[in-house]
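If you read the protein sequences in the order shown, they are chains A and B.
For the first sequence, my numbering assigns the number 1 to the initial residue and increments by one for each residue that follows.
For the second sequence, my numbering assigns the number 1 to the initial residue and increments by one for each residue that follows.
Any given hint might turn out to be false.
[Stated by the list, open to error] Simulated DEER-style distance windows between Cβ atoms:
(1) Leu93(A) - Ser123(B): 21 to 29 Å
(2) Lys168(B) - Leu17(A): 31 to 39 Å
(3) Glu196(B) - Leu171(A): 28 to 36 Å
(4) Ala166(A) - Gly9(B): 29 to 37 Å
(5) Gly107(B) - Ile255(A): 49 to 57 Å
(6) Val58(B) - Leu93(A): 35 to 43 Å
(7) Arg364(B) - Ala166(A): 32 to 40 Å
(8) Leu169(B) - Leu171(A): 34 to 42 Å
(9) Leu171(A) - Leu175(B): 31 to 39 Å
(10) Leu116(A) - Ser39(B): 48 to 56 Å
(11) Gly40(B) - Arg106(A): 44 to 52 Å
(12) Val195(A) - His224(B): 34 to 42 Å
(13) Ala120(B) - Ile82(A): 50 to 58 Å
Keep in mind that the hints were calculated from the coordinates and are not lab data.
Every residue gets a Cβ at the ideal spot worked out from N, C-alpha and C, and that includes glycine.
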Amino acid sequence: MPATLTAAPRRRLPSGLRVLEVTLTGWTSLVIVFLYLPILVLVAYSFNSSRLNIVWESFTVGWYRRVWENVPLLRAAENSVIIAAVSTVLSVLLGTVGAWLLHRYRFRGARGLQTLVAVPMVMPEILMGISLLILFATAGLGLGFTAVIIGHVTFSFPFVLVAVQARLKGLDPAMEEAALDLGATPLQAFWLVIVPCLRPAIVAGALMAFTLSWDELIVTFFTTNAASATLPIRVFGMAKVGLNPMLNALSALFIVATVAFVIFSDYVKKLGR
Amino acid sequence: MSTMVDLRGVTKRFGAFTAVNDVSLEIASGEFLTLLGPSGCGKTTLLRLMAGFDAPTVGSVWIGGEDVTQLPPYRRPVNQVFQSYALFPHLTVGENVGFGLRMQQVGQAEAAARVAEALALVSLTGLDTRRPHQLSGGQRQRVALARALVCRPKVLLLDEPLSALDAKLRRAMQLELKRLQRQLGITFVFVTHDQEEALTMSDRIAIVNAGRIEQLGTAHEIYHRPATRFAADFVGQANLLEAQLLLQDAETVQVAVTGGLELSLPLAAWPVGATTALIAVRPEKVHVAKRRARSNFYASAANRFEARIEEEIFQGATDHLVIVTATGTRLGVVVANESAFGEIFHEGDRVYCALHADDLVVVRAD
């Protein structure tokens, strides 16, 4: 850990390159507008009393009330939170312990295992979904919460594992030895010294896992049942029937939640330092 | 004095590589022993065998009269100061120092008192709430030392703990470590590749090379009576001369060394029955003067010869010369710059040289 973190001096473009500066500023603004204009429009129209998205009638919070009164939608949101939370916890456990075992112990097939672990990160979700469906069907396990959570963990724990592995590569191997030398058993050394050293990576991996689970649609689609339908599944179902301003309201709430989440995760990361 | 650490016929192999090759070593209780050698010689592996991080392939490790070969590091009565210090970044200085006591489940009040005592011992009182990254290199080093000492180990293992410090701080810490060791009476096993560090601190030095201990002795013995070519070369500087036996009488032998210079040395020093041998001569043992000195030293020296200065490098306190004899033997010479004779040496000067028979040391060539 560097003792001092000095910000690199801000470099300005040479004064002769005003044209370039203007062009770059313009380009950046354009990108920002393209990214956020649709979102702004969406939020704005969530307060529109018209059923049609293109015509502005008058201000209303009615759509928000409709969301609040839509029990299946709220149940779906609750399911999403439960599934994301549980699969995050499991991913963190599996990913952290797995990374430590792969890092610390030499065994036959370690390299192969490493590759196998990385595959779900790049595998098309549709394949994951179908294969999980086949697996649960042949194993005679019903679809529902457990199936969805298992599905989410399979593709999100590798992200934790990779983040933790990267951190482990930079970790002083003497750290564990120092703990053992001071009387800690290997388990104590892992919990009391290694895990705290890995905290920033674990937090980053956990946030990643939560986000992945939270907005996952395809794998969920293949493994869920009516009782465990998540928010993305519900929204997708509603959108198929036709765009409804209630979706605008729901999306606006989603955006608020996301921004809050980003701010919260920044705060957590700062604590981890 | 009783034996604290006892390595018995220890060999450690990593695959095809033999890091430690049949080493037996007894370290006395309360001794400051240094394992000195170049990187990759096996000295760190020896330390790791004592700490329990590695298990010997052959042989056994005894500490305090107990066979600890099969004991994991957390059951051994030793503690280590790591080269990287390995302080726990998420803990404060106080928590770092108290970690070992926490593992031993020492009561809070006693632990607090012992942590304070350990911090006082290394002059870090009042810094216990700091984090490691808020400390200077020297302070971190002291925390690592306090963290190991607070556990009251029977043996303290130190793996090049001073190598990350600047020269001035390093010298101060050498003296402080030595003082601490005297004060606490704990056995210290110190690993270093720095011969000056070894000479400064150790009761005994073990010269380690290619997985073996080449020589074990006090700083004086190692310096004045190196046993092998490696020991002579690694500790201090040495002129290494191939000697050919010319004459032998009841008390002395006459030899011709590389370049043709003839020297005599005591018969007792010469290996029995040998016709050739390797002789090491410390550069400061060659006495040179521009005038034929009338000093007792010159008169009493068994070996007197003339030479020419080929090279002269002035280094302040000392003057480093390369001299060549008439027949062509080259010798490195170090002269203390005391100017007792008011002499200043220049390249090309003729000098009178004297060399005591006792200062010619026959070393093993392997």
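Task: Unsatisfied constraints (hint numbers, rising) - done: Hints 1, 2, 4, 7, 8, 10, 11, 12 contradicted; others consistent.
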